[in-house]
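Number of protein chains: 2
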Amino acid sequence: MELAAAKLKFIEAWGKLGSEWGINRTMAQVHALLLISPEALTTEEIMEALSISRGNANMTLRDLIGWGLIEKQHKAGERKEYFFADKDVWNISRQVAKERKKRELEPVLKVLNELSTVVGDEKDPEFKTFKKSVSDINKLALNVDKTLETMLKAEESWFWGSILKVFK
Amino acid sequence: MELAAAKLKFIEAWGKLGSEWGINRTMAQVHALLLISPEALTTEEIMEALSISRGNANMTLRDLIGWGLIEKQHKAGERKEYFFADKDVWNISRQVAKERKKRELEPVLKVLNELSTVVGDEKDPEFKTFKKSVSDINKLALNVDKTLETMLKAEESWFWGSILKVFK
DNA sequence: ATAAACTTTCAATAATTTTTGAAAGTTTAA
DNA sequence: TTAAACTTTCAAAAATTATTGAAAGTTTAT
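So the protein sequences, as listed, match chains H and D.
Start counting the first sequence at 1; every next residue gets the next number (the UniProt record's numbering).
Start counting the second sequence at 1; every next residue gets the next number (the UniProt record's numbering).
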């Protein structure tokens, strides 16, 4: 396969994966473009490469910065802003895990906590089933939360080296 | 908090979480409803409880069956179909992991494999960066895939007992 | 066979999410 | 200052996704 075709395919695949994971397609595509670009790119270049509008490019880049996946760069003597992506997949994974933990898991934990204060008749099957499900999900969520917490502190070496040992 | 209010809150929270994870809101809500219901419910009861149409209920229930999260049940002497959810969070987690692996991870692995056959000039930074990124992501994806594979085979006890030991 | 009970389908509609692009805003150089 | 170079905003439009509901389909009992 030719490089040009491969690039397009990569951008498309990353975009699709992103949209399946609640990240908008364009955002994932811009990320993909920057991931495979050796140099930082300007908004103009990104607009051009992906055929998107200036407004869209600007918002998408801002969001990617918010996710900690790309950074602005300034070149001496130039007005333009350049953008580049961290290429380290371990950093990328951690960054995504960190943001999703904060944006999604933590609010859910909060609600589950509130829900576990529910009061009712211990003889009522409706009540018992509700309590059991909420409590089980709460335990799971706490486990996931702690696991992510530890992952965020872990060294890169852990990830590449020993993840498989987990499961004896 | 009262049980009735808590139920609504749980259904809402599960629906929100679902939509953040690429599962449609209604599907997650129906799942939530069945999770906290001690008895299997009919389509009518689900339509009523969530104020959704018959068509929507039918499609959503079919999707949930496709995800392996709920099952049909027949009661002796009755024409109606009843639906109930597996309440075991470990089973739920495995089922979701299994489906997402199949639907999302595997197609991506396939593309990454194709992309690693790209040919080009080893001196070209564009080429080198592309290859490096694709190869790193490929390694990560393979790692995730193997980890999920092992998780699918693992015993429930593993999950509740030793997930935290992973990280030293 | 017929009809009642129940389920499925799908074209039309509604709701939501994403994108556009032009105008407004900001910064820098002269 | 002023104007050129560049960035941000946001209301309107487009694209996508979800939902409805009535008609068609299926199964069962008689």
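Note that these hints are calculated values from the structure, not bench results.
Don't take every hint at face value.
Unchecked claim - No farther apart than 30 Å at their CA atoms in a straight line, the calculated lysine-lysine pairs in the BS3-like style are these:
1) Lys110/D - Lys128/D
2) Lys87/H - Lys75/D
3) Lys128/D - Lys139/H
4) Lys87/H - Lys9/D
5) Lys132/H - Lys101/D
6) Lys98/H - Lys123/H
7) Lys123/H - Lys153/H
8) Lys87/D - Lys98/H
9) Lys98/D - Lys72/H
10) Lys9/D - Lys98/D
11) Lys98/D - Lys146/H
12) Lys87/D - Lys102/H
13) Lys139/D - Lys153/H
14) Lys9/H - Lys72/D
15) Lys110/D - Lys87/D
16) Lys72/D - Lys98/D
17) Lys75/D - Lys16/H
18) Lys131/D - Lys110/H
19) Lys139/H - Lys102/H
20) Lys128/D - Lys146/D
21) Lys75/D - Lys87/D
Each hint, compared with the structure:
no.: 1; hint: Lys110/D - Lys128/D; in the structure: holds (21 Å)
no.: 2; hint: Lys87/H - Lys75/D; in the structure: violated (57 Å)
no.: 3; hint: Lys128/D - Lys139/H; in the structure: violated (45 Å)
no.: 4; hint: Lys87/H - Lys9/D; in the structure: violated (40 Å)
no.: 5; hint: Lys132/H - Lys101/D; in the structure: holds (28 Å)
no.: 6; hint: Lys98/H - Lys123/H; in the structure: violated (41 Å)
no.: 7; hint: Lys123/H - Lys153/H; in the structure: violated (44 Å)
no.: 8; hint: Lys87/D - Lys98/H; in the structure: holds (28 Å)
no.: 9; hint: Lys98/D - Lys72/H; in the structure: violated (38 Å)
no.: 10; hint: Lys9/D - Lys98/D; in the structure: holds (28 Å)
no.: 11; hint: Lys98/D - Lys146/H; in the structure: holds (22 Å)
no.: 12; hint: Lys87/D - Lys102/H; in the structure: holds (26 Å)
no.: 13; hint: Lys139/D - Lys153/H; in the structure: holds (21 Å)
no.: 14; hint: Lys9/H - Lys72/D; in the structure: violated (41 Å)
no.: 15; hint: Lys110/D - Lys87/D; in the structure: violated (34 Å)
no.: 16; hint: Lys72/D - Lys98/D; in the structure: holds (20 Å)
no.: 17; hint: Lys75/D - Lys16/H; in the structure: violated (42 Å)
no.: 18; hint: Lys131/D - Lys110/H; in the structure: violated (43 Å)
no.: 19; hint: Lys139/H - Lys102/H; in the structure: holds (18 Å)
no.: 20; hint: Lys128/D - Lys146/D; in the structure: holds (27 Å)
no.: 21; hint: Lys75/D - Lys87/D; in the structure: holds (20 Å)
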